[in-house]
Amino acid sequence: MLFRSFTTGRLGTIVAFNVQNYIKVFTDPEILPMINNSILYAAGSAALGTGVGAMLAWIVARTNTPGRVLVELMPLYPILMPPIMKNIAWILLLAPKSGILNGFLRENFGIQQLVFNAFTLPAMVWVFGLACVPLGYLFLLPVFLSFDPSLEESAYISGSKPMRTMLRITFPLAFPAFLSAFVLNFLRGLRSFETPVLQGSPGGINVFVAKVYDSMSVEYNPGIATAYSTVLIILSVLALLFYVRATRFSERYATITGKGYRVKVIDIGKWKYATFLAVFAYFLVGIAIPFVVLIVVSLIPYYDYETFMMFPANIDLSNYHRVLNHPSFVSGLYNSLFLSVTIALVTVLAGIIMAFTIYRTKVYGSKVFEFIGTMPLAFPPLVLSLGLVIAVIGTPLYNTLWALGLGLFVAYFPYALRNASGAIVNIHKELDEAAWVHGARWRHVFFQVTLPLLKPTVTGALFYIFIEAIRNIDVAVLLVAPGNEYGPVTLFEYFRVGQWAEAAAGGVIYLIILILAVSIAKFVFKIKFSL
Amino acid sequence: MKKRTLLAVVVSIFSVTVALGSVALAASAPSDPFTKVSGELYAKAKQEGALTVYSVWDVEHIVAILGAFSKRYPGIKTNYWQGRNPEIVTRVMTEFQAGRDSVDAILSDNAPPVIRAAGAIMAYETVQKASLILHDPTMPVVSLQIQALVYNTKKLKPADLPKSWEDVANPKYKGNVALDDPMRAGPLSTQLAALKGLWKDDARWTRFVKGLKALGVPVHKSTSAMMRLVIAGEYALAMPALLHDVVNEMGKGTPVNLVKTASPIVFARYAGIYAKAAHPNAAKLLAEWLISTEGQATLDSIGREASRKGFQSKTSIGHAYPAGTQPIPVHDKLFLEDPKKWLDTNVKPLWEG
Amino acid sequence: MAILKVEGLVKTYKDLKALDNVSFEFNKGILSLLGPSGCGKTTLLRCIAGLEVPDDGSIYIDDKVQTSIRETILVPPYSRAIGFVFQSYALWPHMTVYKNVAFGLKLTKVPDGEIRKKVIATLDLVGLHGLDQRYPSQLSGGQQQRVALARSIAMEPRLILLDEPLSNLDAKLREEMRVELKKLIKKVGISAVYVTHDQEEAFVISDTVIVMDGGRILQYATPDEIYNRPADQFVASFIGRSVLVDGKMVKVDNENCLVAVPEFNNAVLVCHRPQSGGAGDPCKLVIRTSEIKLNSKRFESQENVLEGSMSGRDYRGGLTDHRIQVGSREIVVTSHKLCPMINVDNDGGKIFLHIDPSAISVIIDKPQAVPQHAGG
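Respectively, the protein sequence lines represent chains Z, A and F.
All residue numbers for the first sequence refer to numbering that gives the first Met the number 0, where the first residue is 0 and numbers rise by one.
All residue numbers for the second sequence refer to numbering that gives the first Met the number 0, where the first residue is 0 and numbers rise by one.
All residue numbers for the third sequence refer to numbering that gives the first Met the number 0, where the first residue is 0 and numbers rise by one.
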């Protein structure tokens, strides 16, 4: 905890109050439309993504939808695809004149109107919203899986039909976890960079983060950038306050109680075909379609509608050659695998300890850490990265792998904390108290009761942070020591330099590696990603 | 906030010469200034023993360049870090303020001037200035950013092509131009600064900027994304594209080509030497070597533009454009020192007014 | 020597006084804390366990101080050596029955073999023989309840605390379990504090009962005393099948008093004389309906006989509820098939009720002093 406040304290030095910067920021005439756009975009995406994620989690955990076992992992695959890959795929699909979908409508149905437009706010919400689904799914799945069925049964007895029960009982009880995921996704949306830059600016939709970037690159002015970030921080604090307030009576939401029960699958009747279609549709738009588009793009010499439709007559493997011959392909991949696994483990454990301290002990001021721990989310990656550099530059850690690890830790701690908080709230307090009165001290309660009960959540968070960390560049970039190749640079520098075909090839290779890793983990080592 | 220190060094007039049809350069003669200075620098650099480079270029390119350099000058351990311009600026400035000596040379276009303006660049004038297309007395220009006007060959017939940059502002291209955001420190703002200096006619220049605005097209923040969208057929014209990108894409059979009548805009890619460099001689040696014919050949092998007069490569102006094409450089002192200020004074009133 | 002593306990949540200067002493056996929800009984139990910290007061277990706000002593729950059975059972769903029960023992560094012996013995004792490798989710509600009990007695504490342990069971099982629970606690020979809102449960299970409301102790006595001599009208009405009516004392002599009841058409009832009060004082009568005799014909005696009419009968298997309108009040009298007190053969007709003076408690309207240390 000391260590965290230290980091945050150092971070605070760059947030030093400077009236001039703030005046400059708040007198900017564009600020109101920008705030408006940012909120619409972030809240829209978060609502779409978390909502769909929650629905999928419920379908997988609780319904008799056909093929449930098959779809268990499906909502997770999109995390494997970095956000920018999705942006590129959807731009290719939805671009007004050159997009695949409009082209298809034009060629086959003679529709000349430009039905789809990637460069609009709804399209931005669509693309980023899809990227928000896995987080919603991961946060909600454990809740639904550990749900005391008597809570639902009592509703049935009162004459409530299954679908109604879901809306009136099940979802409200999953509310804290839902809100946790929503707030996280909202903050991710506020600071996301790729979608606003690739889809927003061309559509004339300016959001906040772009300003932050401009003030960092055009004039080296971290003060202005931080002043802009302050607006994001205020929004984040508001979002968090809202969250804390809404989940104030956390005991109400405890779904894991000391009464033993078996999680029951609900027969939802003919609705099961609808839910199956929903999962399948999500699979198509969330993974299959963008992935197929990227595979094709990685295999053709360049993208335009005609060339795309000529596939597979024009297969060209040169993009793959280039990626596989990349000088740091192997070493970078190894470094990032090692670091991501370590960071995921450390961060998740720390997040649980913190959440435990906040919700289960009476340590004075621990609630404050709920905010501090979530703060890094409010900073745009470059500003956060700068803060971290300032924090470690005077220490011997600088330019070592430790500094990078620390940076990733700070960047992902909020996810781990939110995730663990949402889950701990769901564990009935009496389970802890029972241990406590029967002779257990905090460490016993934590390791023998809380931690095992959090297992499904822990696996989800581990998986998520691992996947995110392995491809992190934005936060890590300033902390990577020269000569210390960090994996994402290899595959993802293509995205950064804007070479879409190579990027697609790199992305495809990366996805194959990850899917293999996940499958091996699941089937060989029997690691379960859910209960 | 850090107080902006104005650069004491006067940016001298850029000497721009176009060397076309000059004789192919033979291997450096013994009298060549490079041969002379490189011997001294190498001796000192070997003492220093190491070299760290920050660069915006692709990792593949950095690795190729440092590989060739190490082969030529053994005994100097090279290291690199790759980041985008804002990241390079942020990192170097933070290290500078903390008194760190973790970098020696910065290979980039837009980052070094910003760093120089903050006083974190060690002035160094290359001994090979006579051979350069663009020269800056404080930072060796090792390569060039060459802006080209590019069109989609499926979308525009040769007859409909704009003749010049100025022509792009013609209302007939409305909706067909992928326009870079002129208010970011990107290629378009460089172009505007270059044309303002070239024309020396503010009314004409104002007309041009207003014409671009009148196109009513959205602005982009990534030239490479613009390039992909032009290839895809979303737009017919890229305003602007970068020559090495164009040459690379044309090599794949992409339906794009240069508007050869629009003179390329040139801007320096520097090897800036960090003010607190631990290995300044190694950095200088790298800069000099990059400007030498051997270094330029290495740059050419990875598809990067040469900065040396008359150096023939597939990304050279001489190769891509007809004989007699005059590249347009940026002279504007304010733009080079503080691009944001220049944009706020010159472009902002027109663009946002 | 008292197993449990509580002195001046105060606990306030925002504006709610959960415990308002609670003091009592408890020697041995089973003590019930009885009261409606929100009366502070659970807060009191949690304070005893150390799960809540009171604002003021002190708690002693076995004459050893556990909580003392003034002396800033607060023994953590894990050092109080007590057992606790939670309302939700709080069985750890990821552990088997065996592990649940062995949990506390393992933390005391008892050798494994001994733990094994103890756990198996405890499980046998609570009637869960052979179920040690099951998970809680594989057990019925009653079995889970036994596991929770086994877990709290396995460590052989001197005192166990039970927080409405039977409230999650169905009615029939609840009745069985409360007797069994009582037998078990007696057999193990430990003392217990039992929280419940069900007076019948409290009476069946405990040796002494504390009735609470609004964070205060209203009466601390044996079940018999509470039933027959409720300290005040709240206790009287809370402890069940009784009718509460307003009355006015008409005449008082050495043993008895006469009370006129306006709601019963101003009928005058003979009652045992209360400790205070005189003629003309308003009072309340608590009439225990289970002691009322019914007859469709007149009783021989005229004393304490009321006349009413049968408004309905609800058949409940072995029992029948008779709803009788007397004056402006409806009284429900439950009869058993073989009950000699009730002799009713006609519906809708006249019914005569005989209420023996011993079935009536007289409460003088001004509140009495609450006895703090009754027997027990």
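Mixed in with the good hints, there may be bad ones.
As the list claims (entries may be wrong) - Cβ-Cβ distance ranges computed for the label pairs, FRET-style:
1. K269/Z x G129/F: 52 to 60 angstroms
2. K269/Z x V178/F: 46 to 54 angstroms
3. K162/A x I110/Z: 46 to 54 angstroms
4. L276/Z x G252/A: 16 to 24 angstroms
5. I512/Z x K171/A: 42 to 50 angstroms
6. I110/Z x Q137/F: 53 to 61 angstroms
7. D169/F x K269/Z: 52 to 60 angstroms
8. D169/F x L240/Z: 41 to 49 angstroms
9. D159/A x L240/Z: 53 to 61 angstroms
10. N169/A x I512/Z: 48 to 56 angstroms
11. N63/Z x Y314/F: 41 to 49 angstroms
12. L276/Z x R315/F: 34 to 42 angstroms
13. K251/A x P121/Z: 44 to 52 angstroms
14. I512/Z x G126/F: 54 to 62 angstroms
It is worth saying that the hints were derived from the structure and are not from the lab.
Backbone N, C-alpha and C define an ideal beta-carbon position, used for all residues, glycine too.
Hint-by-hint comparison with the structure:
| no. | hint | in the structure |
| --- | --- | --- |
| 1 | K269/Z x G129/F: 52 to 60 angstroms | 44 angstroms, violated |
| 2 | K269/Z x V178/F: 46 to 54 angstroms | 49 angstroms, holds |
| 3 | K162/A x I110/Z: 46 to 54 angstroms | 36 angstroms, violated |
| 4 | L276/Z x G252/A: 16 to 24 angstroms | 42 angstroms, violated |
| 5 | I512/Z x K171/A: 42 to 50 angstroms | 49 angstroms, holds |
| 6 | I110/Z x Q137/F: 53 to 61 angstroms | 60 angstroms, holds |
| 7 | D169/F x K269/Z: 52 to 60 angstroms | 34 angstroms, violated |
| 8 | D169/F x L240/Z: 41 to 49 angstroms | 44 angstroms, holds |
| 9 | D159/A x L240/Z: 53 to 61 angstroms | 58 angstroms, holds |
| 10 | N169/A x I512/Z: 48 to 56 angstroms | 49 angstroms, holds |
| 11 | N63/Z x Y314/F: 41 to 49 angstroms | 43 angstroms, holds |
| 12 | L276/Z x R315/F: 34 to 42 angstroms | 52 angstroms, violated |
| 13 | K251/A x P121/Z: 44 to 52 angstroms | 33 angstroms, violated |
| 14 | I512/Z x G126/F: 54 to 62 angstroms | 56 angstroms, holds |
Violated hints for the displayed structure, listed by number in ascending order: 1, 3, 4, 7, 12, 13.
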